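Each chain, letter by letter, is given below.
Protein chains: 2
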Amino acid sequence: MSKILSRRDLDFLLYEWLGVEALTARERFAEHSRETFDAFLDLSEQIAERDFAPHNRRNDIEEPTFDGVRVQVIPEVAAALKVFTESGLLAATLDVGHGGYQLPHVVARACFLWFQAANIGTSSYPMLTMANAGLLLAHGTEEQVATFVRPMLEGRFTGTMCLSEPQAGSSLSDTLTRAVPAGDGTYKVSGSKMWISGGDHELSETIVHLVLARVAGAPAGVKGLSLFVVPKHLVEPDGTVGERNGVTLAGLNHKMGYRGTTNAVLSFDEATGYLVGEQGRGLAYMFHMMNEARIGVGAGAVALGYTGYLHALAYSRERVQGRPVAGKDPAAPPVPIVQHPDVRRMLLASKAYVEGGLALVLYAAKLLDEPSPEHDLLLDVLTPIVKAWPSQWCRLADDHAVQIHGGYGYTREYPVEQFYRDNRLNSIHEGTDGIQALDLLGRKVTMRDGAGLALLLDRIRATARQAPDDLGGPVLAACDRLARTTATLWRDGNPTVALANATAYLDAAGHLVVAWMWLAQRNAAGDRAGAFYDGKRLAARYFITHELPRTGPLLDLLDSRDTLMADLDDRCLG
Amino acid sequence: MSKILSRRDLDFLLYEWLGVEALTARERFAEHSRETFDAFLDLSEQIAERDFAPHNRRNDIEEPTFDGVRVQVIPEVAAALKVFTESGLLAATLDVGHGGYQLPHVVARACFLWFQAANIGTSSYPMLTMANAGLLLAHGTEEQVATFVRPMLEGRFTGTMCLSEPQAGSSLSDTLTRAVPAGDGTYKVSGSKMWISGGDHELSETIVHLVLARVAGAPAGVKGLSLFVVPKHLVEPDGTVGERNGVTLAGLNHKMGYRGTTNAVLSFDEATGYLVGEQGRGLAYMFHMMNEARIGVGAGAVALGYTGYLHALAYSRERVQGRPVAGKDPAAPPVPIVQHPDVRRMLLASKAYVEGGLALVLYAAKLLDEPSPEHDLLLDVLTPIVKAWPSQWCRLADDHAVQIHGGYGYTREYPVEQFYRDNRLNSIHEGTDGIQALDLLGRKVTMRDGAGLALLLDRIRATARQAPDDLGGPVLAACDRLARTTATLWRDGNPTVALANATAYLDAAGHLVVAWMWLAQRNAAGDRAGAFYDGKRLAARYFITHELPRTGPLLDLLDSRDTLMADLDDRCLG
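Just so you know, the protein sequences line up as chains A and B, in that order. Using the UniProt record's numbering, read the first sequence as starting at 1 and increasing by one per residue. Using the UniProt record's numbering, read the second sequence as starting at 1 and increasing by one per residue.
Extracted from the complex, chain A is given alone in its bound form (with noise of 0.2 angstroms):
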């Protein structure tokens, strides 16, 4: 069995539960059947175990780096981007007329899992350029989607986004970037961006950069920001690459993990840039990008955290040590690992986790493919707990497989140690944990006059219904509960009362959003046979006995709108 993901899970959420095969019915996606999806699926894992799993460990000892010239990076990687372009899954989601498939997002996100999976540093390329090229095709004129987006789509260039800066990294408000307009309907951009994933590397002809700047004169704060499209070539009008522009590379980033993907501080300096769309809308537009991203970040959290389930389970399994507890005779011989109660629970909590995360993901996915008003509102309050969520809970998965293997999973010869130290960065990249919670309680809950929670609510509440009653019921609770405390919070309106604790709010409904997918998992499964249902039920069981109940001290907490941190003397602190 893989142990990258497994495709039994997969197949069960696709079709057993949201039952995407429904979405054929629609006019986007009719030339698609369930023979076309699991053609997409099976090629994914193909080239995920093949191409991309093979160099995960060597992408982390032999990371990238910058000789003064050129970024090296090892050579497997682009020979899997080569792969990954070929095989089609570059373009699936988007439109024939753009040279895609019009594959279902839920699908492509299925797929694109595979590849997070088996190697978080070499799919960082193309979940950057992808995301680049939605923005581009969403926003940008035919010229700048001809110029740019095509070569993007056939892999010759890729893509970044430049939002943060040294200065500027939670709040964008305060970026410097300036752009000043060169008389010829172009700009020329100057300043200092930080953070860039694929920011530099020698696995393209060229570097898409889309940059935020302000324009000299725009208002201060994040309404005076622009977008533009900054190549580190210039592109000659037959589509070859020209000469340098204004980018250079002031440094590459020395991570913890992830560190397959560059990570770069880039100096631009009288960059030609083009700007997209129309002046001041440079973080509306982008906000497109970054909400796939968030979304693509939690998927990358939960692959993280799935491959490392598989692999801990696999290790106990075949690690022999020790006796159960009720029989501790030394004559008797040593069982496999799995047998001890406290590997269970790591185990039975780390499954708990990454299925749990896995639906969710896939549940978000989907909401773009039959989008309505409805829908884009549920994905918009949904998606601060896609990134979040998965971020602190499959990073434990994470913890508990380095726990699980001992001593062996503190050391580099297991990869579940990589996992660790890769999925560390999903809590700070695309908007820490923290900025997560401000915008689901900031802004989320409360914008439409309460229209998203109040919805996410009765779709929580009708899977509830239709679970069993001892599973069920917690949950209504824990939704009538949560209803309650958001308006105690914000009942008279301060901010600062309300987002006192916004992390708790965020842990608290990330746990009640999670406690659903196990419902509906629940309710998928029935009462069919066989040892995968009896673990989904069984995990469903433990999500609602063994998670859920964390959230009632949490809730407390915010319901005595306490405001310790808000009003401490820092001074305090040491």
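Derived by calculation from the structure, the hints in this document are not laboratory data. Bear in mind the structure is a predicted one, so any value in this text is a computation, not a measurement. Any given hint could turn out to be false.
Identical copies go unnamed one by one, so any copy, or any two together, can satisfy a pair.
[Stated by the list, open to error] Computed list of lysine to aspartate or glutamate pairs in EDC-like fashion (alpha-carbon distance at most 20 angstroms, straight line):
1) K188 / E143
2) K223 / E35
3) K3 / D570
4) K223 / D329
5) K188 / E165
6) K82 / E205
Given the structure of chain A, go ahead and fit chain B onto it with the hints provided.
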């Protein structure tokens, strides 16, 4: 201010809370005074800052390598160990007759924390040597003391403990290494030992291994284990180092962190060994060393968490980013991130973890200085908590430290990412968290009809009764609750049921014990004015109101005598 540890906090804990000056009334410590204690503390801080901290990162990047002949360690390590030995700290707690200073354990523990926080990799060598020497002083012959202990205390030799084997990590009863009497009073020791910290290097003239092995014909299980001194080189009658003994390095393990300490697979091939004490008592002697090592591991986890916290606190005051929630005027100047509630949450939680953990470690150490049957019992009960609690929660402080640093915290340009990796080991070595949980619930709280737990709860209650009601009340309630839960779990003496959720028990008991440590600090702070005391009062309040409630769902689960883990069919897991 030092970012290694807080001397102000150590002074508070040692002098204002634990009253260690009163120890000088004891005959053993009669030559000491506040001045001599302070001199050792000052010296430790100086040496840690000057000789240990500066090479902490180099220890990580240029980890020890084995060229097939010898193990290469960066030269700063030997230099630091020389200074450490010459300072007198290696023998600080030992009898004057053995060249020691009869320093109280509690003061020595505080001193050693400076080295663990400054450089956990380098500090492991003296920690292991001290534990080894302590065991031989307690159980070895005069000749063994003369031959091995004296050179260890002079810094000429270093020591290890060799328990684990490739097939026997947590399960020592499966030890296969065997010892055959050579006919001259010595033994020939053969077998393979795994995870031997400090197991090979050129930092000392030779290495004194303490090896668990089974004499031919000994019974199965732990009762058949005996302990042997097996030096890397034979020692000549004049005390000089002679030819190599039959101990060879089979390889080094390459770890996620803690890289400055070599970790070896050792092959013993008819190596000459000297029996320590009586046959069959090996594990009992080793537990002497292991209990000390477990407190040392807890202390290491505290030290790494503490330095992580201090780095994060300093960074949060320097790093300017964003605006406080209530006033999002983009024209307002950005603020230091310490003003953001979510950063404060992580800082205050970290403070509560690391200062609570430090208090616990020092409390436990002081029990050794006032030996009595009661104190022995209390230390027995506390040891698994002292080991496991900081390994989880002070590790979380390092996790928070990474998060507070944002992207910078994920890079190797900042020290917190190393602390995070280093601290991951502490939940694994010297008995995993799961093993500590079984030790606590399966042995420590049941032994002597529960006298240990009763004593612990009495001590906690006495402190809680002196605390303000709103803080003491929840702790008193938790004491009653833990006592009831313990009785419920063991009511029919079925270990399979009682131990099914042992980790939840450890988690709950650990949080209760640290809540006690916070009440004790709160009581010691009293109403004294100043930011330092405000901080103690604030963190105590935080721990009781934000942390202690976590125990509720854990105790609910335990009360339900849930056996989901024990009963499950592992085929369900995937």
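So, going through the hints one by one against the coordinates:
1. For the identical chains of this complex, K188 and E143 are intra-copy neighbours only, at 19 angstroms inside a copy versus 81 angstroms across copies, given an alpha-carbon limit of 20 angstroms.
2. In this assembly of identical chains, K223 and E35 lie within 20 angstroms of each other by CA distance neither inside one copy nor across copies; the values are 47 angstroms within and 62 angstroms between.
3. In this homomeric assembly, K3 and D570 come within 20 angstroms of each other (Cα to Cα) only across copies, at 17 angstroms, whereas the closest approach inside a single copy is 47 angstroms.
4. Within a single copy, K223 and D329 get their C-alpha atoms only as close as 71 angstroms, which misses the 20 angstroms cut-off; across copies the closest is 12 angstroms, which meets it.
5. Taking identical chains as interchangeable, the C-alpha atoms of K188 and E165 lie at most 20 angstroms apart only when both belong to the same chain, with a minimum of 18 angstroms there against 64 angstroms between chains.
6. In the homo-oligomer, the alpha carbons of K82 and E205 lie at most 20 angstroms apart inside one protomer (13 angstroms), although the nearest pairing across protomers, at 55 angstroms, exceeds that limit.
Hint compliance for this structure: hint 2 is the single one not met.
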